[in-house]
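**Student:** Using the sequences provided together with the hints, build the complete structure.
Protein chains in written order, with the numbering used here: chain A, 35 to 152; chain B, 35 to 152; chain C, 35 to 152; chain D, 35 to 152; chain E, 35 to 152; chain F, 35 to 152; chain G, 35 to 152; chain H, 35 to 152; chain I, 35 to 152; chain J, 35 to 152.
If you are wondering where the hints come from, they were derived from the structure by calculation, not from laboratory data. Among the clues, some could well be false.
Stated by the list, open to error - Calculated lysine-lysine pairs in the DSS-like style (CA-CA distance at most 25 Å, straight line): (1) E:K125 to E:K94; (2) A:K68 to I:K94; (3) B:K68 to F:K94; (4) C:K125 to C:K113; (5) J:K125 to J:K113; (6) G:K113 to D:K91; (7) I:K91 to B:K94; (8) J:K68 to G:K94; (9) D:K113 to D:K68; (10) C:K68 to C:K113; (11) A:K68 to B:K91; (12) G:K113 to E:K68; (13) J:K91 to I:K113; (14) I:K68 to J:K91; (15) E:K125 to E:K68; (16) G:K68 to D:K94; (17) B:K94 to B:K113; (18) H:K125 to G:K91; (19) J:K91 to J:K113; (20) J:K125 to H:K94; (21) I:K113 to J:K113; (22) F:K68 to A:K68; (23) D:K94 to D:K113; (24) H:K113 to E:K68.
Take a look at the letters that make up each chain.
Number of protein chains: 10
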Amino acid sequence: MPNPTLLECFDNPSPNRDYLIEHVAEEFTSVCPKTGHPDFGTVTLQYIPSQLCVELKSLKLYLQAFRNEGIFYEALTNKIADDLAELMSPKWMLLRTDWTGRGGIRSSIEVELGIAPD
Amino acid sequence: MPNPTLLECFDNPSPNRDYLIEHVAEEFTSVCPKTGHPDFGTVTLQYIPSQLCVELKSLKLYLQAFRNEGIFYEALTNKIADDLAELMSPKWMLLRTDWTGRGGIRSSIEVELGIAPD
Amino acid sequence: MPNPTLLECFDNPSPNRDYLIEHVAEEFTSVCPKTGHPDFGTVTLQYIPSQLCVELKSLKLYLQAFRNEGIFYEALTNKIADDLAELMSPKWMLLRTDWTGRGGIRSSIEVELGIAPD
Amino acid sequence: MPNPTLLECFDNPSPNRDYLIEHVAEEFTSVCPKTGHPDFGTVTLQYIPSQLCVELKSLKLYLQAFRNEGIFYEALTNKIADDLAELMSPKWMLLRTDWTGRGGIRSSIEVELGIAPD
Amino acid sequence: MPNPTLLECFDNPSPNRDYLIEHVAEEFTSVCPKTGHPDFGTVTLQYIPSQLCVELKSLKLYLQAFRNEGIFYEALTNKIADDLAELMSPKWMLLRTDWTGRGGIRSSIEVELGIAPD
Amino acid sequence: MPNPTLLECFDNPSPNRDYLIEHVAEEFTSVCPKTGHPDFGTVTLQYIPSQLCVELKSLKLYLQAFRNEGIFYEALTNKIADDLAELMSPKWMLLRTDWTGRGGIRSSIEVELGIAPD
Amino acid sequence: MPNPTLLECFDNPSPNRDYLIEHVAEEFTSVCPKTGHPDFGTVTLQYIPSQLCVELKSLKLYLQAFRNEGIFYEALTNKIADDLAELMSPKWMLLRTDWTGRGGIRSSIEVELGIAPD
Amino acid sequence: MPNPTLLECFDNPSPNRDYLIEHVAEEFTSVCPKTGHPDFGTVTLQYIPSQLCVELKSLKLYLQAFRNEGIFYEALTNKIADDLAELMSPKWMLLRTDWTGRGGIRSSIEVELGIAPD
Amino acid sequence: MPNPTLLECFDNPSPNRDYLIEHVAEEFTSVCPKTGHPDFGTVTLQYIPSQLCVELKSLKLYLQAFRNEGIFYEALTNKIADDLAELMSPKWMLLRTDWTGRGGIRSSIEVELGIAPD
Amino acid sequence: MPNPTLLECFDNPSPNRDYLIEHVAEEFTSVCPKTGHPDFGTVTLQYIPSQLCVELKSLKLYLQAFRNEGIFYEALTNKIADDLAELMSPKWMLLRTDWTGRGGIRSSIEVELGIAPD
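**Tutor:** Dropping the structure here:
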């Protein structure tokens with residue numbers, strides 16, 4: 035399973051202001067633990083930073099590290115959310131995965147942490 | 035009528051967190067009980083799991099079991115909602131069906147159970 | 035003017051639950067009472083049923099009966115809303131008409147009855 | 035059946051040049067002779083004029099005159115093509131009708147007269 | 035500047051009910067007072083009528099009367115809102131202009147009067 | 035396998051003219067003979083009639099008769115093309131099937147008979 | 035009627051090579067000579083230059099000069115084509131106007147001069 | 035770094051009314067301070083003016099002045115927001131940047147100042 | 035490099051007729067040999083079969099086998115074309131890859147073998 | 035003006051086969067030599083390689099080098115085409131630039147070298 039130490043952060047340049055940051059990774063792939071076939075999807079991260087922001091290139095490498103991991107949608111989404119929350123302690127965070135269809139059904143999982151912005 | 039025992043579930047991997055799961059089945063078909071002609075539509079399930087999650091492949095087989103059933107839109111939507119609520123006892127659930135048009139009119143039915151997320 | 039007795043209803047199969055029904059008629063046409071030219075539009079009905087639901091085929095025939103009627107947008111929208119409310123006494127209802135443009139201006143009229151769902 | 039004398043024409047302002055004229059009527063409606071239900075579609079006329087062009091408002095009124103006519107797709111398309119060809123004797127003409135779906139099948143009919151432009 | 039007396043109204047056919055009327059004029063043009071070049075945009079009017087509704091053809095002629103007027107986006111939007119509010123005294127009104135881009139920047143102005151509907 | 039006698043035809047109303055007829059059935063479903071899972075797709079028929087045209091309602095019933103048949107894409111497409119060619123002896127015909135994806139791959143099959151129009 | 039002397043040109047920078055230039059003016063407006071109401075449309079110019087190219091800003095001013103001219107679609111399209119051909123003597127030219135709908139019918143006119151590119 | 039004195043303003047023509055102004059610059063470019071490669075994005079400004087409005091052409095020149103600046107997304111977004119807030123003291127302001135993707139991830143940053151409109 | 039023996043075929047069910055088969059794999063991924071970063075794209079195969087057709091599931095597994103291969107776009111496209119041509123000896127074949135962008139540039143490669151259909 | 039020596043090439047991996055390569059750079063920017071304002075556009079290169087292919091990263095850097103150059107659309111398009119033809123001597127090449135609008139007119143320039151593929 036990808037090591038959260040792959041993730042790096044930098045100091046929030048405007049720590050006294052609540053503002054929104056969004057990163058959308060449209061080329062995510064992991065492996066279905068049941069069938070061994072690849073899964074494809076989009077990972078969306080939205081957050082209001084506290085003292086720290088996740089560094090973009092380290093986020094890319096961390097997400098790429100799931101490439102050959104066998105992991106279910108629900109577990110993967112919660113793990114990414116946990117690793118990022120542990121890293122940054124954001125004021126608010128939303129982590130969403132949207133998966134391309136399998137057998138005529140497509141799925142999404144969405145985890146939200148902290149108090150939602152208005 | 036499809037037997038709800040077709041549906042299987044697994045333990046929610048993050049039972050202490052409220053999060054959203056969505057499955058969208060875009061290739062649903064059943065039969066109009068009046069005319070005998072096939073109906074085509076999309077079934078959307080959104081829920082916040084409690085202790086259990088519906089297993090995806092069993093959901094697919096359960097939905098496929100409506101293929102040759104004659105049943106009205108309203109009754110079908112309420113039955114799927116009831117079967118899934120009975121199975122999983124989710125904290126919140128929304129079940130929506132969107133049907134392709136007949137005679138120039140297209141229809142949707144939406145059932146919501148529990149307290150809606152913000 | 036179309037007779038509201040064209041509309042038929044059936045018993046709500048789940049009267050103890052609040053749920054949403056939507057019918058969208060995309061091929062509606064009536065006649066402009068001023069110019070005699072045809073008007074084209076979409077009629078959207080959304081409602082939360084009480085004891086009764088409008089039967090879909092009768093709704094189609096009722097809407098088709100406006101085909102050669104000369105009637106203004108505002109009056110037509112209110113009449114359809116009144117006829118359906120009289121028929122079904124829904125808990126909540128929204129009736130919207132969206133008209134294709136005339137002379138570079140396109141119009142919509144929306145009537146809402148009862149307390150809106152969250 | 036609409037009288038072709040509804041159609042009027044005017045002199046081609048550039049009779050020595052081959053050029054293309056297109057009129058697309060997106061709000062066409064007639065009646066299905068079998069079921070009595072309305073049909074909705076788009077009528078597209080493309081032509082290279084010879085000495086005459088069809089006048090736009092007369093074309094609109096001619097097409098509106100099909101509103102309450104019961105006529106099959108194939109016959110209607112050929113009749114409009116015949117009436118316009120008789121009226122204008124164009125160097126080339128294409129008449130196409132595209133119909134909204136009925137029972138899950140949508141149809142188009144296309145008649146071409148004269149030698150197609152490159 | 036267009037004379038507001040160009041605008042006419044008619045009696046609201048359902049004065050005892052709050053409902054929404056929308057008119058969208060997608061072919062609006064005026065002139066930039068600085069450069070003399072034409073501006074192109076869309077004017078959207080939404081309102082809940084009180085005793086009066088604006089007559090559609092008079093609205094068209096009023097909007098066409100801006101064709102050769104040099105006027106800034108902000109002033110124009112407020113003037114149209116003022117003229118319509120003066121005319122109809124609506125319960126609620128929203129007037130929005132959306133302008134095609136100039137120099138890589140496109141603009142919108144939105145004025146709202148009265149208490150917004152839910 | 036659906037009986038081609040389900041298909042009916044009628045006399046071409048303009049047999050002396052070459053023109054194009056298109057029918058698109060967007061709600062086609064059959065069964066995968068390997069997995070038993072349903073396949074979904076679109077069937078497109080284009081043809082230039084000779085003496086006969088296929089009747090639309092009979093075409094719908096014939097296509098619906100594949101609903102519970104296990105048959106491969108290639109074989110199905112060739113069978114429909116053969117049945118229609120046998121029925122109508124068209125001057126030219128194109129039969130195309132477009133299938134929704136399975137396992138990340140979507141397929142189409144296209145059979146053309148006779149000399150293509152320019 | 036706009037004076038063709040509004041149009042300016044510059045020397046083709048690559049006169050020994052056949053290449054394509056396209057200018058699309060999406061905000062064209064003139065006036066209907068019958069009704070006095072404004073017409074809106076798009077003017078598309080494609081050409082292969084010979085010795086001269088039309089200067090872009092002069093093209094814009096020339097097209098703006100039709101703003102208050104009453105002129106039919108067919109005449110306008112031929113006039114613009116004639117003025118530009120007279121100005122530049124291009125090896126090949128296509129001039130197309132696409133008009134927004136009036137009374138449910140939208141129109142296009144297309145003039146081509148010289149031998150079309152492959 | 036662009037000098038905020040590039041920005042000019044003018045008096046709000048309707049200072050007694052709360053209304054919304056939006057400017058969207060779709061052709062923004064700056065430089066990544068890490069790699070030296072250009073970044074491309076859209077800058078969206080929404081605000082409710084108090085006594086002053088930003089002048090459109092000066093906003094364009096100010097935004098163009100970032101063309102060769104090396105600056106991170108987060109810092110850039112906060113700087114533009116600060117400069118505009120300092121200039122106009124709006125009642126409410128939202129500044130959003132949406133960036134085209136880099137390495138399969140696309141980002142957005144959104145800063146909001148003052149109390150959000152309903 | 036994936037072994038072409040992963041590919042299996044079956045007998046063309048209609049070997050006496052020229053018809054078109056298309057398979058589109060929208061979830062293809064390999065690795066950039068220079069940077070080690072993943073590449074994502076779509077692989078499109080079109081062919082007119084001779085005696086043999088490629089079996090769909092084996093095609094999927096063959097394409098999945100590129101998942102961890104470092105290979106350039108041009109070489110990969112030619113290899114897949116060569117392997118499929120060797121396997122099936124089709125009458126005509128087109129193999130196209132469309133790649134998501136890298137550094138603001140997106141690429142496509144297209145190999146065609148045999149004589150193109152009309 | 036960007037130095038063509040920025041462009042590098044590599045040996046065509048399949049020199050005995052005619053095949054198509056396409057690179058689309060959607061984030062191109064240069065400067066208008068008249069006004070000094072930035073121009074934004076897309077550069078599309080299609081070619082059939084002979085012995086050499088252009089290396090993708092060098093193409094990116096070469097195109098970025100136009101960032102602060104003042105140059106007209108027509109001259110720029112011909113220069114890029116000349117530099118690439120000089121570099122690779124392709125069997126066939128098409129170079130197209132599509133520019134975002136200025137003053138309501140958007141432009142494209144297309145240069146083709148060699149004999150077009152069928």
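**Student:** Look at each hint and say if it fits the structure.
**Tutor:** Hint check:
For a cut-off of 25 Å, the pair hint linking K125 (chain E) to K94 (chain E) stands: about 22 Å separates their Cα positions. Between K68 (chain A) and K94 (chain I) the alpha-carbon distance is near 17 Å, which keeps this suggested pair within the 25 Å criterion. Between the alpha carbons of K68 (chain B) and K94 (chain F) the distance comes to roughly 17 Å, so the proposed pair stays at or under 25 Å and holds. Between K125 (chain C) and K113 (chain C) the alpha-carbon distance is near 18 Å, which keeps this suggested pair within the 25 Å criterion.
The hinted pair formed by K125 (chain J) and K113 (chain J) meets the criterion: a straight-line CA distance of about 18 Å does not exceed 25 Å. In summary, the hint linking K113 (chain G) to K91 (chain D) is supported, as the alpha carbons are separated by about 23 Å, within the 25 Å threshold. Among the hinted pairs, K91 (chain I) with K94 (chain B) is consistent with the structure: their alpha-carbon atoms are about 20 Å apart, no more than 25 Å. Distance restraint check for K68 (chain J) and K94 (chain G): the Cα-Cα separation of roughly 16 Å lies within the 25 Å cut-off, and the hinted pair is therefore satisfied.
The hinted pair formed by K113 (chain D) and K68 (chain D) meets the criterion: a straight-line CA distance of about 18 Å does not exceed 25 Å. Distance restraint check for K68 (chain C) and K113 (chain C): the Cα-Cα separation of roughly 19 Å lies within the 25 Å cut-off, and the hinted pair is therefore satisfied. Between K68 (chain A) and K91 (chain B) the alpha-carbon distance is near 11 Å, which keeps this suggested pair within the 25 Å criterion. At most 25 Å may separate the alpha-carbon atoms for a hinted pair to count; K113 (chain G) and K68 (chain E) exceed this at roughly 31 Å.
The suggested pairing of K91 (chain J) with K113 (chain I) holds, with an alpha-carbon distance near 23 Å, which does not exceed 25 Å. At most 25 Å may separate the alpha-carbon atoms for a hinted pair to count; K68 (chain I) and K91 (chain J) meet this at roughly 11 Å. With a CA separation close to 36 Å, the supplied pair K125 (chain E) and K68 (chain E) exceeds the 25 Å bound. A hinted pair counts as satisfied when its Cα atoms are at most 25 Å apart, and K68 (chain G) with K94 (chain D) qualifies at roughly 16 Å.
Taken as a hint, the K94 (chain B) and K113 (chain B) pair is honoured in the structure, with Cα atoms around 16 Å apart against an allowance of 25 Å. Restraint check for K125 (chain H) and K91 (chain G): not satisfied, since their Cα atoms lie roughly 40 Å apart, outside the 25 Å limit. For a cut-off of 25 Å, the pair hint linking K91 (chain J) to K113 (chain J) stands: about 19 Å separates their Cα positions. As the CA atoms of K125 (chain J) and K94 (chain H) are separated by approximately 44 Å, the hinted pair breaks the 25 Å bound.
Proximity of K113 (chain I) to K113 (chain J) is assessed by CA-CA distance (about 34 Å); at most 25 Å being required, the pair is judged violated. Proposed proximity of K68 (chain F) and K68 (chain A) is supported: the alpha carbons are some 20 Å apart, at most 25 Å. Of the pairs offered as hints, the one joining K94 (chain D) and K113 (chain D) holds, with about 16 Å between alpha carbons and a cut-off of 25 Å not exceeded. The hinted pair formed by K113 (chain H) and K68 (chain E) fails the criterion: a straight-line CA distance of about 29 Å is larger than 25 Å.
The structure shown violates the earlier hints numbered 12, 15, 18, 20, 21, 24.
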